[in-house]
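Go by the hints and put chain B onto chain A.
Same order as they appear, the protein sequences are chains A and B. Going by our numbering, the letters in the first sequence line up with residues 1 to 262, in that order. Going by our numbering, the letters in the second sequence line up with residues 1001 to 1293, in that order.
No lab work stands behind these hints: they were computed from the structure. Predicted model, so just to flag it, every value in this text is computed and none were measured. Mixed in with the good hints, there may be bad ones.
Unchecked claim - List of simulated lysine-lysine pairs, DSS-like, C-alpha gap at most 25 angstroms: (1) A:Lys14 with B:Lys1200; (2) B:Lys1136 with A:Lys14; (3) A:Lys97 with B:Lys1052; (4) B:Lys1136 with A:Lys11; (5) A:Lys11 with B:Lys1245; (6) B:Lys1245 with B:Lys1231; (7) A:Lys118 with B:Lys1087; (8) B:Lys1025 with B:Lys1245; (9) B:Lys1200 with B:Lys1245; (10) B:Lys1052 with A:Lys112; (11) B:Lys1052 with B:Lys1087; (12) A:Lys112 with A:Lys71; (13) B:Lys1200 with A:Lys11; (14) A:Lys112 with A:Lys97; (15) A:Lys225 with A:Lys236; (16) B:Lys1237 with B:Lys1025; (17) A:Lys71 with A:Lys204; (18) B:Lys1052 with A:Lys71; (19) B:Lys1087 with A:Lys112; (20) A:Lys49 with B:Lys1087; (21) B:Lys1087 with A:Lys97; (22) B:Lys1025 with B:Lys1200; (23) B:Lys1136 with B:Lys1200.
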Amino acid sequence: MMPERRDFLLKTIKSLGLATAGGLVWAGFIEEGRSAPLILRPPGAVPEKQFIASCIKCGMCVEACPYDSLKLSQPGDGRPIGTPFYIPRTTPCRMCKDIPCVPACPTGSLDKALVSDKDKDGELIFNISLARMGLAVIDRETCIAYSGIQCDACYRACPLIDSAITVEHTRNVRTGKHAMLAPVVHSNACTGCGICEKACVTKKASIFVLPVALAMGEASERYVKGWEERDEERLKDVPEKVITETPRSDKKAVDYLNEEVF
Amino acid sequence: MKRCFDEFVGAYCNTPLQHAMDMRKYKYLISRRMTQIAVLFLFFAGNAYGWKILRGNLSSAKVLDTLPLSDPFAVAQSFSAGTAIAKDALTGALIIFLFYAVLGGRVFCGWVCPVNMVTDTARSLRNHFRLDSSWKSWDISRSMRYWVAGLSITLSVTLGVAAFEWISPIGMLHRGIIYGFGFGWAFVLVVFLFDLFAVKNGFCGHVCPLGGFYSLAGRYGFLRIGYDRDKCTMCMKCIEICPEKQVLHMVGSQSGAVLSGECINCGRCVEACDDDAVNFSNIYAKKQSVGSR
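Extracted from the complex, chain A is given alone in its bound form (with noise of 0.2 angstroms):
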């Protein structure tokens, strides 16, 4: 082999050597820092492996919000670097109605089309209900109204009390002679702006948001509540017919008597 020849090859070699190694640590690092799904984005953010690959980290959204709840994660902090998030026990989101942070984007990770309705032009116009920043959760053990004490922090600081909170009157059975006047959290209304866990008397939060994603399960598709009216219309989707087919054996049932087990 000639020497130039070689030479050319061992350092072509070497440099893809090098970079398999540096791309390696690399995508380590990143693959550890995005594994960090207790996060809450701002309205409007697209789903958050969406968000982490086009959010460009340029912090407009931060500095739009008129009440400093958004903040840009920094190194250190276990979230994504560079991306916005708020935590709602200290400075929960404010609902705005004209929610400034989202127009700010440049890149369309908050995304105007998820928190607008269309009027009859097909304008989008803004409606920060339909925000789904994460889902308020609580719990029972903790949360005093469930120990039949009357609290409804939390109901009547909702935004959208007596639709993502409601109050249940039940019977306190311990006492036998009270009401319990229970806080309930409906996922079809509440947007996950935190306001309830801020405002929350325990010592640590008993009503707190979390990622949807996190906070809820998932029906199975096919169990269909049948007192609930609509409920059937789940399975449009779904395929009419699905066939299990499981193999059937050649062998005779005699054969298993016939074989020789040991």
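Only chain B this time, still in chain A's reference frame:
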């Protein structure tokens, strides 16, 4: 006293007072520091005081709430990660790309990027303590930046995130200054120590993929350093001071313009030259331009 060369202030420091009086020796350096700091300050004020002149940061910004600007390399990574680029980001990226492509060279690196101040400090210390004569620098190729740029795109495709933006010390630094550092200072310190102890001009001159990107983008731009062989007395001060020495390969042999896109157009060589042989010029000025690297 032995003469030492202080590149941070761009002069021989055996007669600091004398040099400090001669402001012409610093005009580009001072202008560069002023632009670098002004851009950062405007971004900072945008967040802290609500000024509307410049909002956002170096990744993406808005001028006077109307003109969008975006880092074209960040947008390219985002696109590679499988994102449909929104109108604002795309417009902004095109504006910035065309601006630097037409202007030429790596004007971003020399005049805007805040990491330039960090690496210049490292180099100034290196020179001040004459570390180069004591240690051998690591042997790293200058074309490594193109590999890292390629790797940024490849990783963006495979992992579905903008890979360099995820670890970029540039981002850590300007976001840190504008929105708060967190642990980000560590990334910046790594760059500083790498430049100080491992490789001279290490990060900006060898590793940074954004620099690689702008080298390619600014290859055919307008603004160039011109060299005049007839005036040159071969003192080699320009080569000594240049952070990208390979672009001045024609010095001592042939008049011409610096054609490599790797030149950051910092103007240090112009300041260093006592013979008026090196000056800012343009790509059309000297027809006898010698070939690039």
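Comparing the hints with the structure gives:
no., hint, verdict
1, A:Lys14 with B:Lys1200, "holds (22 angstroms)"
2, B:Lys1136 with A:Lys14, "holds (21 angstroms)"
3, A:Lys97 with B:Lys1052, "holds (22 angstroms)"
4, B:Lys1136 with A:Lys11, "holds (21 angstroms)"
5, A:Lys11 with B:Lys1245, "holds (22 angstroms)"
6, B:Lys1245 with B:Lys1231, "holds (20 angstroms)"
7, A:Lys118 with B:Lys1087, "holds (21 angstroms)"
8, B:Lys1025 with B:Lys1245, "holds (20 angstroms)"
9, B:Lys1200 with B:Lys1245, "holds (11 angstroms)"
10, B:Lys1052 with A:Lys112, "holds (23 angstroms)"
11, B:Lys1052 with B:Lys1087, "holds (21 angstroms)"
12, A:Lys112 with A:Lys71, "holds (20 angstroms)"
13, B:Lys1200 with A:Lys11, "holds (22 angstroms)"
14, A:Lys112 with A:Lys97, "holds (13 angstroms)"
15, A:Lys225 with A:Lys236, "holds (14 angstroms)"
16, B:Lys1237 with B:Lys1025, "holds (13 angstroms)"
17, A:Lys71 with A:Lys204, "holds (21 angstroms)"
18, B:Lys1052 with A:Lys71, "holds (19 angstroms)"
19, B:Lys1087 with A:Lys112, "holds (13 angstroms)"
20, A:Lys49 with B:Lys1087, "holds (21 angstroms)"
21, B:Lys1087 with A:Lys97, "holds (24 angstroms)"
22, B:Lys1025 with B:Lys1200, "holds (23 angstroms)"
23, B:Lys1136 with B:Lys1200, "holds (10 angstroms)"
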